[in-house]
Amino acid sequence: AQKITQTQPGMFVQEKEAVTLDCTYDTSDPSYGLFWYKQPSSGEMIFLIYQGSYDQQNATEGRYSLNFQKARKSANLVISASQLGDSAMYFCAMRVVGDDKIIFGKGTRLHILP
Amino acid sequence: DTEVTQTPKHLVMGMTNKKSLKCEQHMGHRAMYWYKQKAKKPPELMFVYSYEKLSINESVPSRFSPECPNSSLLNLHLHALQPEDSALYLCASSQDPGDRDRVNQPQHFGDGTRLSIL
Numbered sequence: 003a004q005k006i007t008q009t010q011p012g013m014f015v016q017e018k019e020a021v022t023l024d025c026t027y028d029t030s031d032p033s034y035g036l037f038w039y040k041q042p043s044s045g046e047m048i049f050l051i052y053q054g055s056y057d058q059q060n061a062t063e064g065r066y067s068l069n070f071q072k073a074r075k076s077a078n079l080v081i082s083a084s085q086l087g088d089s090a091m092y093f094c095a096m097r098v099v100g101d102d103k104i105i106f107g108k109g110t111r112l113h114i115l116p
Numbered sequence: 011d012t013e014v015t016q017t018p019k020h021l022v023m024g025m026t027n028k029k030s031l032k033c034e035q036h037m038g039h040r041a042m043y044w045y046k047q048k049a050k051k052p053p054e055l056m057f058v059y060s061y062e063k064l065s066i067n068e069s070v071p072s073r074f075s076p077e078c079p080n081s082s083l084l085n086l087h088l089h090a091l092q093p094e095d096s097a098l099y100l101c102a103s104s105q106d107p108g109d110r111d112r113v114n115q116p117q118h119f120g121d122g123t124r125l126s127i128l
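Here the protein sequences line up with chains A and B, keeping their order. So for the first sequence, my numbering puts the first residue at 3; every next one is plus one. So for the second sequence, my numbering puts the first residue at 11; every next one is plus one.
With a cut-off of at most 27 Å between alpha-carbon atoms, the simulated DSSO-like pairs for lysine-lysine come out as follows:
# : chain 1 : residue 1 : chain 2 : residue 2
1 : B       : Lys48     : B       : Lys19
2 : B       : Lys48     : A       : Lys5
3 : A       : Lys18     : B       : Lys50
4 : A       : Lys5      : B       : Lys51
A few chain B positions that, by computed beta-carbon distances, are all more than 12 Å from chain A:
# : residue
5 : Arg73
6 : Ser75
7 : Ser81
8 : Ser82
9 : Ala90
Hints are computed from structural coordinates only; laboratory data are not their basis. Predicted model only: the values in this text are computed from it and were never measured. We put the beta carbon where it would ideally sit given N, CA and C, even for glycine.
Whole structure, please, built from the sequences with the hints as guidance.
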């Protein structure tokens with residue numbers, strides 16, 4: 003069975019600092035994809051970044067990067083130069099080959115302080 | 011603005027009412043999803059439609075009835091709901107469910123409908 007674990011229920015970070023949100027996963031499938039979503043208080047789920055299990059390089063999208071350590075089964079999200087608008091809930095998620103579903107972690111609530 | 015449009019944004023209904031939630035996407039995606047999300051929790055999958063056919067029903071009570079009239083539209087019909095059904099209902103879509111080797115397809119979500127049952 004697949005599982006996503008996010009161990010940080012909440013984080014407080016000063017504006018302009020870098021932030022690392024932790025995510026570990028468990029699957030026996032060799033082919034899988036990892037996703038990060040942002041959910042502001044308004045409710046919409048915003049897709050941020052994707053990492054494939056066979057990708058050799060860590061994914062980057064603007065201020066977002068994914069620190070992918072396959073042997074440790076971790077896929078941490080790094081946000082550089084945090085902004086007040088980054089305050090939101092962040093979900094790590096996984097999809098395995100042959101499955102239409104994605105599995106979500108419990109999420110991390112990030113608060114950026116001015 | 012999201013590319014998945016959900017209406018209404020807010021809905022208050024009594025336990026005896028019948029209402030419908032609507033979801034529309036024009037990205038050519040062939041998989042569509044309904045999720046229920048309670049406060050401070052991750053989304054819980056309810057239904058998956060693949061090429062307009064119901065492919066997954068996560069043991070959802072029959073008071074929730076999904077419908078996929080065409081590849082762009084997804085409805086969720088509500089009848090005789092309970093107070094515990096109050097939640098944010100999210101619709102999502104993704105590209106090509108037929109190509110199951112493609113794990114790189116993110117789901118694109120709408121803004122959700124906040125449902126309150128009185």
